[in-house]
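Build out the structure end to end from the sequences listed, making use of the hints.
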Amino acid sequence: MDVEFMKLLGTKVNILPVLSKADSLTRDELEYNKKLILQDIDHHSIPVYQFPTDEEDDYADDGRFESDKPPSPLRNALPFAIVGGSKVVTDKRGRQVLVREYPWGVIDVEDPEVSDFPLLRDLLLSTHMSDLKETTFDYLYENYRTDKLSNEIPGESVTATTSDNNGRRIVSAASNADSVASNSFLAREEQLRLEEEKLRSIEQRVQDEIAQKRMELLRREQELKELEARLRREASIADSGASSVKSETTA
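Residue numbers are given in full-length UniProt numbering: position 196 of the sequence shown equals residue 196, and the series is strictly consecutive.
Derived by calculation from the structure, the hints in this document are not laboratory data.
No false leads were mixed into what you were given.
Below are the DSS-like pairs computed for lysine-lysine, each with C-alpha atoms no more than 30 angstroms apart in a straight line:
#	residue 1	residue 2
1	Lys198	Lys12
2	Lys21	Lys7
3	Lys198	Lys213
4	Lys133	Lys21
5	Lys148	Lys198
6	Lys133	Lys7
7	Lys21	Lys92
8	Lys133	Lys12
9	Lys7	Lys148
10	Lys213	Lys225
11	Lys198	Lys133
12	Lys35	Lys7
13	Lys133	Lys148
14	Lys21	Lys35
15	Lys12	Lys148
16	Lys21	Lys87
17	Lys35	Lys12
18	Lys35	Lys133
Between beta-carbon pairs, the in silico distance windows are:
#	residue 1	residue 2	range
19	Leu8	Ala211	49 to 55 angstroms
20	Arg93	Val3	41 to 47 angstroms
21	Leu192	Glu110	41 to 47 angstroms
Values in this document were obtained by computation on a predicted structure and should not be read as measured data.
Just so it is clear, CB atoms sit at the ideal spot from N, CA and C, and this is done for glycine as well.
As structure tokens, this is what we get:
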């Protein structure tokens, strides 16, 4: 049941295999269980997420394929062994860390010696986030949409009846694949058109904001010039008054 569920789920989402409760296994047991899980994934053809760097890691600098080259850290970590945390404590360096507490001590769930959690977290939230999104949209969603369009095409709409020279009726069926490709192309064109309109709208709004800011800047510059001119006039008047007072005093 788990295998069938993962096969069904793998057509709709990215699957990253995870081995939980890694703290209950010794290092040898952990490696053995990881090996068994990978064998089951390969045997049952379960569609798991493929790291984009895996293919590149199998080639040497000169372009030759190296089948015996050590696997990448991400591929080597599959399935990711994780430990669930139950408490937040302050370590010796004053950091807040998530740990799993036992009667005899605690385990830091982010310790790479006992858990792949830091690797999995960075993969999901940093290093491979963009690729996960692209895989979901470009591959999983497109396959789902194509399948839905294929199933929604009525059989009567793709058949036609013709006659040969002897008057016999011949029923020919159009290819579902061609119909699906046509519908997919039209849907894609419509999506691109909507995206272009959205981009044009955003561009126009940005241009309007820039023009508004420019007008505001020119208005502020004009006000500054007028202020400077007024200050110069006031200073000139003040200087003239001071000179007149000085002349009268001298006289």
